[in-house]
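As they're listed, the protein sequences go chains A and B. At position 41 of the first sequence the residue is numbered 41 (our numbering), and the sequence of numbers has no breaks. At position 189 of the second sequence the residue is numbered 189 (our numbering), and the sequence of numbers has no breaks.
Read the hints as simulated data drawn from the structure, not as lab findings. Treat the hints with care, as some may be off.
With a Cα cut of at most 20 Å, we get these calculated SDA-like pairs of lysine to any residue [as the list claims (entries may be wrong)]:
hint : chain 1 : residue 1 : chain 2 : residue 2
1    : A       : Lys87     : B       : Pro270
2    : B       : Lys268    : A       : Gly106
3    : B       : Lys181    : B       : Tyr166
4    : A       : Lys87     : B       : Leu260
5    : A       : Lys91     : B       : Gly269
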Amino acid sequence: MKSNRLAVLTGGLVFVLASSLMFAHHNIGAQYDRNSPVTLTGVVTEFLLINPHARIDFEVTDEHGNVEKWSAWSGPPAGMFRRGWKKDSLKPGDKITVTGAPARNGSKQMSVNRLVPPDRSVPVLTLGAD
Amino acid sequence: MRNRCVGLALTVVTIFWFSPAMMIARSAQESGTTVKVAPRTSDGKPDLTGLWVRTGNTPGSLGNADSFSDEEPPMTPWAAQRYRAAREGVPDPDDQGREDLDPLLYPYCMPPGLPRLYIRTGTSTFEIGQTRDRVYMVFEVHSTGRIIYLDGREHLDGAPDMFMGYSVGRWDGDTLFVETKGLNGLLTWLDSLGHPMTSGLRMEERIRRANHDTLEINFLFDDPKAYTRPWTGKKVWELRPDWGLLEYTHCEERGRREYLEKVLKGDKGP
Chain A
1 MKSNRLAVLT
11 GGLVFVLASS
21 LMFAHHNIGA
31 QYDRNSPVTL
41 TGVVTEFLLI
51 NPHARIDFEV
61 TDEHGNVEKW
71 SAWSGPPAGM
81 FRRGWKKDSL
91 KPGDKITVTG
101 APARNGSKQM
111 SVNRLVPPDR
121 SVPVLTLGAD
Chain B
1 MRNRCVGLAL
11 TVVTIFWFSP
21 AMMIARSAQE
31 SGTTVKVAPR
41 TSDGKPDLTG
51 LWVRTGNTPG
61 SLGNADSFSD
71 EEPPMTPWAA
81 QRYRAAREGV
91 PDPDDQGRED
101 LDPLLYPYCM
111 PPGLPRLYIR
121 TGTSTFEIGQ
131 TRDRVYMVFE
141 VHSTGRIIYL
151 DGREHLDGAP
161 DMFMGYSVGR
171 WDGDTLFVET
181 KGLNGLLTWL
191 DSLGHPMTSG
201 LRMEERIRRA
211 NHDTLEINFL
221 FDDPKAYTRP
231 WTGKKVWELR
241 PDWGLLEYTH
251 CEERGRREYL
261 EKVLKGDKGP
């Protein structure tokens, strides 16, 4: 049990480090506000495991029933695939909670800091500047 | 006669004992780690084949992930001006240069070419194949191929500039020495920080399989119009025999969106 926890912890740490490296080349700070992360809960409409960065489109509904369409950007698909993500790891209708750096230009886009997929066999996505 | 035999045997043992392979093996044994020696081809050359993934991507002894060296290369006034423009408004010195000026990115979508292909990637991964007179490299980025000719040929004269240039090489002991010329210096950055280059760049690579799982490349960049003297860098890769090459491109997402909208009219197929 202890070794399992250690393995999970170690795996998570490796994933965080590796994920940070995947994004390290990108000029994220210019496009996204890393100092003001937001957390949103919504429903996936499309997941694209494509180059150069995977994209998750999702809809957020507020308490008044208003729907906002958001896009969350993640790492390069090759790196995500090697860490256990597949092109169907998120499906339309999946409920997700995403924490990320919002776009500086005010558009409804973010760079993913953390996303817990509904399928627990898929690694938690932890990217960016948290 | 007997003395000569004993002397010969001692010589052989001494040479073997101090051979690089044995020294690595002894060093590993003494430190309690296991380091497998680099394999060789049937003709006795170091075998570079395999899928290699870059390590040492953090700032430090092996350089920033987006550059070849921790030290600022000695730029000419022209290069310094071009570099300042590429960095203007970029807050983090470790971040890549301005994306709106980056020839790789939308809407320019140029191939990264050499030498930038070695550093600007999602994973900086390539596979090497090798024969007696060729070394083949296939990079994950843009699925780009490269041939290094080892058959003694000369560089091309008057050929068009190419993003991958033209590479000739030779074995220098256990190190593969490669010289590349004919690079496209107009539509490329040398690295992802935004250092410029010209078509006059001559790149040297010294490629060495340090042990079974480690590939090192020492670089030298000689580009007199952009840099006041040749400068060097180093990168290290580790063997990943369990991986296969995937793909990394820079403009797929933006191009996909426009193609889907303008050409396919939203039709994603049956």
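Outcome of the hint check:
At most 20 Å may separate the alpha-carbon atoms for a hinted pair to count; A/Lys87 and B/Pro270 meet this at roughly 18 Å. Using a Cα cut-off of 20 Å, the hinted pair B/Lys268 and A/Gly106 is violated, with the two alpha carbons roughly 29 Å apart. Distance restraint check for B/Lys181 and B/Tyr166: the Cα-Cα separation of roughly 6 Å lies within the 20 Å cut-off, and the hinted pair is therefore satisfied. For the hint linking A/Lys87 to B/Leu260, the alpha-carbon distance of about 19 Å falls within 20 Å, and the restraint holds.
Using a Cα cut-off of 20 Å, the hinted pair A/Lys91 and B/Gly269 holds, with the two alpha carbons roughly 18 Å apart.
Checked against the numbered hints listed earlier, the structure breaks hint 2 alone; every other hint is satisfied.
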